[in-house]
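Engineer: Single-letter residue listing:
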Amino acid sequence: MRVRLNPAFLFLIPALTLILVFYVVPLILSVYIGFTPLQRWNLNRMGSITAYNFERLFYMMFHDPDFGKVIRTTIVFTAFTLAINVLGGLGLGLALYLMDEVLSLPYRILWLLPRMTPVAVYSLLWYYFFLGGEEGTLNSILLRLGVINEPLSWGTDPRLLPETAWVILILVNGFVGVSFGMIVFYSAFHSIPREQVVAARVDGATTSQIVRHVLIPQVRWHIVYVTVWQLLSLLTTFAHIFLLVEWGAVHRWWGSTWALYVFNVAFKTYEQGLAAAAATVLVIIGAILGLVALRILKFKEMMVEPKGEI
Amino acid sequence: MVEVRLEKVTKKFGRVIAVNKVDLVFEDGKFTVLLGPSGSGKSTLLYLVAGIYRPTSGKIFFDDKDVTNLPPRERNVGLVFQNYALYPHMTVYDNIAFPLRLRKEPPEKIDSKVHEVAKLLRIEELLDRFPSQLSGGQQQRVALARALVKEPSVLLLDEPLSNLDALLRLTIRAELKKLQQKLGITAIHVTHDQAEAMSMADKIAVIDQGTLQQVGTPEEVYLKPRNLFVATFIGNPPANTLTGSVQTVDGTVFVEVGSARYQLTEEVSKIVREAGVEKLVVAFRPEHAKIVESPLVDPEGDLVLEGDVYVVEPLGRENIVTLIVAGMPIKVVTPPDVKPHSSSKVYIVVPRNRVMLFDVETGLNIEFLIREIHQKIPD
Ligand SMILES: Nc1ncnc2c1ncn2[C@@H]1O[C@H](COP(=O)(O)OP(=O)(O)OP(=O)(O)O)[C@@H](O)[C@H]1O
Ligand SMILES: [Mg+2]
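These protein sequences, in sequence, are chains A and B.
Residue numbers are given in this note's numbering: position 211 of the first sequence equals residue 211, and the series is strictly consecutive.
Position in the second sequence (first residue = 1) + 1000 = this note's numbering.
Worth flagging that the hints you see were computed from the coordinates, not collected in a lab.
Please note: incorrect hints may appear among the correct ones.
Here are some, though not all, of the chain B residues that point toward chain A, as calculated from beta-carbon distances under 7 Å [said to hold, decoys possible]: (1) 1073; (2) 1079; (3) 1081; (4) 1085; (5) 1089; (6) 1102; (7) 1106; (8) 1164; (9) 1244.
A short list of chain B residues far from chain A (calculated; beta carbon distances all over 12 Å) [said to hold, decoys possible]: (10) 1010; (11) 1029; (12) 1052; (13) 1059; (14) 1074; (15) 1095; (16) 1109; (17) 1182; (18) 1184; (19) 1196; (20) 1199; (21) 1223; (22) 1235; (23) 1342; (24) 1367.
Stretch by stretch, here's where chain B covers chain A in the computed footprint (C-beta under 8 Å, at least three residues) [unchecked claim]: (25) 192-198; (26) 201-214.
Note that the Cβ used here is the ideal one computed from N, Cα and C, for glycine as well.
The following block holds chain B by itself, in its conformation from the complex (with noise of 0.2 Å):
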C-alpha cells in the first residue's frame, strides 16, 4: 500500500480551472473521502491520481516516487465508476480477467486470483452470467472485483453508491469500509453526499470549485468547518447562518443579530478589533440548538435568539422545527415531543461552544482567522 501525495496539482481544460493548487495527503491505509458539490472537480482530481489525466502543473507522488508522467498503466490503481463501466460483451468471469489477462498473467493464476476476489465479494455464483443480467447492487460488486483483482496500492472510487437504492446504498456504505479496513488498502472515495462521507471516512477533504476547502476527520470538518461554505454543505440540514454586526459597547465587542446581542471572547474581540471586522457571520448547527418558551434570567453568555415559529416536520426520531429570526429561516432539530406551535414567539438557546463566527468577506472561521493569521506572521 501507498501514501498518495499531491503537491500544488492544478489541472486545466481549456480556460476552466477543474483542480486549482491542490495540495493533499491520502494517508497510507486510510480511506479518504473527496467531498463536494457537482463539478467541483472531484472526479478530475481521481483521474489525475489515476494518471488518466496529466496535470497541467504541480507533481504526484505515490510514497517516494514521483508518478507525475507515469501511464495509468504503471501505477497499479484500482478504479470503480458511478456506472461500473463494466464491459457488456463479457461475462462477470472475463470482466474481472480482463485486467489480469492485460498483464499476460499465466491462465492457471488468473482463474484462482477471479475466484478469491469473487468469493470475497460474495459474486461466485455470479460469475457466468453477463452484466446485464445482474442487479445494480451486483454489478457494483463486479466493478469492485474488478479493481481489487489487481492488488492496486490505491483503490479509487467515482461516487460508486450514487446509483443503488437508499438502502442499498447504506447496506454496501458499510461493508465496503469494512473491506477496506480488511484489505488495509490505501482508499480514495468520491461522493457529494455529505452523510456518505461522514459515515464511512478516516479523513474528508472538502473541495469546492476545485479548491480545497478543509482537509480533516469527519468530527473536525463537522464541528469546526474552516469556512462558511464547509460549515453549510455538510450536515442535514446543514448549518444555520445569520450575518449581525459588530459593536463596542463600554469596551465590549457584541455582535448584534436581529435583537439579540451575543459576546464576544477577548481573544475574537482582539482580532475583530484589529482587523477592523464589521460584520461577521453567527452560525450553529440546528440539533445544537434548544428552543424554549420564556428567555433564561441569566444566559451565561450564550446567543439566545427570538423567532417565530414558521412550521413544525416531524420525522419521527426528531422534529425539525423552521423558526423565522430576523426575517431569515433557521432550522432547530429538537426531541419528537417539542412542538411549538405555528406562528408562536419562541427563544432559540446556542451554547456558546456551539456558536461559530464567520468572517463575511473571506468566509473563514474567526478561529482558523486566528490561526492562518498567527501562521503567516510568525512570533
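Excised from the complex, chain A in its bound form (with noise of 0.2 Å):
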C-alpha cells in the first residue's frame, strides 16, 4: 500500500523549510555545541563529547560572584518588568478604553513612542537620563533642587548598586515592553460588547465594579497571552541592556541578564560551549517558567470545548 499524502502538505513546505533551517536545526546545532569544548570557533574541537559546559556552569553559580549577580539580575529584571509590563499594560488599556476616544488616540501613539523609536536611540536618551555627570538630566535636575550635592553614577556607585543598576534596567525595558500589553488589552476591551458596560451600569455598578465584574473577567485569556509572551521575551531580551553595559551606563555584572551574558561569552571570550550550554539552560528554564504560568493562569481550562449544546 503506498501512503498518499495530503496535498495540503505541499503548501506548508516552504514554511516548514524555513523553520526548520532556521530554528530546528540551529535549536539541535546549539544544544549539541553545548555538549562539545569549542573554544574560539575551533571547529576541531567539536568531535569530542562532553558535559563538562554544564558542570562548569553548575558551579559558576555557586562559586562565581560576577555570575551570580548576573542570575540575581535576571531574576529581579525579570520579575519586575514582568509585573510592570502585565499590570501596567492592563492598567494603560483599562484608562484608555474608559477615556474619550478624542483623547485616548494622541494617548496611544505616545505610549507606542519607545516602541517605534530605534532601539539604539531609545537606549542613548535613558543614557543622558542617567549619565553620571552634571550634564544628566536626573542630575540636574536633583542638584538644582538640592537633593543632591554632587552628580552621581547612577548605575555604576558602588554606594548605589545593585538597585539602582536594577531601576535602570526595569525602566528602559518596562516603557518598551507595556505598549503591547496596552494594544492587547485595549482591544480586546474594545471587543467586549458596550451593552454589557451599559446593562451594568443600569444595574448599579461603579466603574469600579465594572472593570472587576465585567471587563477584566472577559480579559482572563489575553492576560494569560500576554503574561507568557513578555515572560519568555524578557528572559531573551538584550538589546538595550547591551547597549547601556556597553556604554557604561549600568554595571558590568548588575547590570547583565543572562541572554547578554550568553552573548557576551560567545562573542567576547569566545568560549562557544559554555555559552551554547548556557543558552540551552536558559530556553529550558523559559519552558518551564511558560508551562507553570499557564497552569498556574489555568490556560487548560479556557480552550476546552464548551460543555453542552450551543
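Hints are included, so try docking the two chains, each in its own frame, into the full complex.
Structural biologist: Structure below.
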C-alpha cells in the first residue's frame, strides 16, 4: 500500500523549510555545541562530546560571584519588568478604554513611541537621563532641587548598587514592553459588547465594579497570553541592556542578564561551548516557567470545548 | 410602579440631534411601544429614561420625582437589549443574581429571588449553564429575568425580539405582553417592527428623526395617522398615497386624482379655501379598498379610481393586487377569490370614511390640521 500524502502538505513545505533551517537546526546545533568544548570557533574541537560545560555552569552558579550577580539581576529584572508590562499594560488599556476616543488616540501613540523609536536612539535617551556627570538629566534636576550635592553615577556607583542598576534596566525595558500589553488589552476591552457595560451601569455598578466583575474577567485569556509572551521575551531580550552595559551606563555584572551573558561568553571571550550550554539552560528554564504560568493561569480550562449544546 | 414623564427632552450628540423636544407620558402600568425607523432616536430615548445619557435640555420625571440628574442606580429600571448583553463569564444564576449582589442583599434573599424569577420565566433548569450554552430564546428569557429580578419600577426593552426567528418572535411577543399585564409593570418597548408594535402596545409613540410624530392607541395610529409619515410607516403593505390638485367647480371643492374627482366635505373645503391649499395627498389603506369590474352608477361620494392591474400576489388568506393609477403603484388587499387579469382595466372603490387627506406641505392629516388650527386660535 502506498501512503497518500495530503496535497495541502505541499503548501506547507516553504514555511516548514524555513522553520527547519532557521529554528530547528540551530536549536539542535546549539544543544549539541553545548556538549562540545568549542572555543574560539576552533571547529576541530567539535568532535568530542562532554558534559563539562554544564558542570562548569553549575559550579559557576554557586562559586563565581559575577555570574551570581547576573543570575540575581536576571530574576529581579524579569519579575519586575513582567509585572510592569502586564499590570501597567492592563491599567493603560483600561484607562484608554474608559477615556474619550479623542484623548485616547494621542495617548496611545505617546505610549507606542518607545517601541517605534530605534533601539539605539531610545537607549541613548535613557543613557543621557542617567548620565553620571552634571550634564546628566536626572543629576541636573536633582542638583537644582538640592536633593543631592554632587552628581552620581546612577548605574555604577558601588554605594547605590545593585538596586539603581536594576531600576534603570526595568525602566528602560518596562516602557518598551508596556505598550504591547496596552494594545492587546485595549482591543480586548473594545471587543466586549458595550451593552454589557451599560447593563451593569443600569444595575447599579460603579466603574470599579464594572472593571472588576465585567471587564477584567473577560480578558483573562489575554492576560495569560501577554504574561507568557512577555515572560519569554524578557528572558531573552538583550538589545537595550547590551547598549547600556556597553556604554557604561550600568554596572557590568549588576546590569547584565543571562541572555546578555550568553552573548558575551560567545562573542567576547569566545567560549562557544559554554555559551551554548548557558543558552540551552535558559531555553529550558523559559519552557518550564512558561508551562508553570499557563498552569497557574489555567490556560487549559479556557481551551476546552463548551459543555452542552450551543 | 411609576408614570414616566418627559418634558421637552432634547439630546444632542455633537451636531446630531438624536432626540428633539419630546413631550411624552408613559402611563403607569401600561405597555408603551416606541416605534420608529432605524436611527430615529428610539434607543437614545430609552437610555435617557434609564439614565445612561443626561438630556441636553428638558426634564424627566418618575411620578412627581425629577430624575433628570439621577444616575441609573437611583432610578431602579430594568433594561433588556437586542443582543441580550449577558455576561459570558457568569452562569445564568450569577447573571440574574448580579444586580442583587451589587445591592449587597443577603445571599439567602438573593437565592430565593433568583429562583422565583427563574420560575416565572421557566428557566430554572438553565441556572447552571453559561450564556454560550443557551439558544437565542433562552438567552432572551435570562436577560428578561435579570431585568425583572430587581423588581424595577420601569421595564425598558430595546428591540428584545429582533434577534429571534419569526415564529419564536410571535410566541414571545404574546408571552411578554401577558407577563407585563400580570406584573402590572410600566413597560417601554422599542421596536422598528410596526406589526410588533400594533400587537403588543397599549399605546404607540411613533418617532422619526428624533421628533415625536404621534402618540395613540394602535387603532388611533392605524386609522387616524396624524401625518403622512405615520400613514406610510404603519401597516403592511402601508397606506397608498396619491397626490391630487384642488379644484372648485360651481362652488363645490374637489380633489382631482388622475381621471377621478373626489368631493371634499364642507369642513375640509373651508380649511382648504382658507389656507389656500392647492394640492392634497389622498391616502387609503390597502385593505379598505375594493376592486370592481365596472364603475358604480351612484358612488355616494366614495373615492373611485381607474387602474390597470400590474400584478397579483396570492398569499393564501388574501391576495395583494398591485395596480397602476395615474402612473403610481397602488396596492389593494382582496379576498383570495379576487384575481383580476394582469393589465386588465378595473376600478378601485374606497368608502368615504376610509379616505384620508394630507396637506402636501406639512404632511399633516387635514383632520389634525383642523384640530391643531383650532387649538392655536382659541374660540
Ligand atoms: N453615542 C452616540 N454618539 C453619537 N451619535 C449617536 C450616539 N448614539 C446615537 N447617535 C445618533 O443618534 C441618532 C439616533 O440613534 P439611536 O441609536 O437612538 O437610533 P435608534 O432609533 O435606536 O436606531 P436603531 O433602530 O438602528 O437601533 C443616530 O443618528 C445615531 O447616529
Ligand atoms: Mg436602537
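Engineer: What hints, given by number in increasing order, does this structure fail?
Structural biologist: 7, 8, 9, 12, 14, 15
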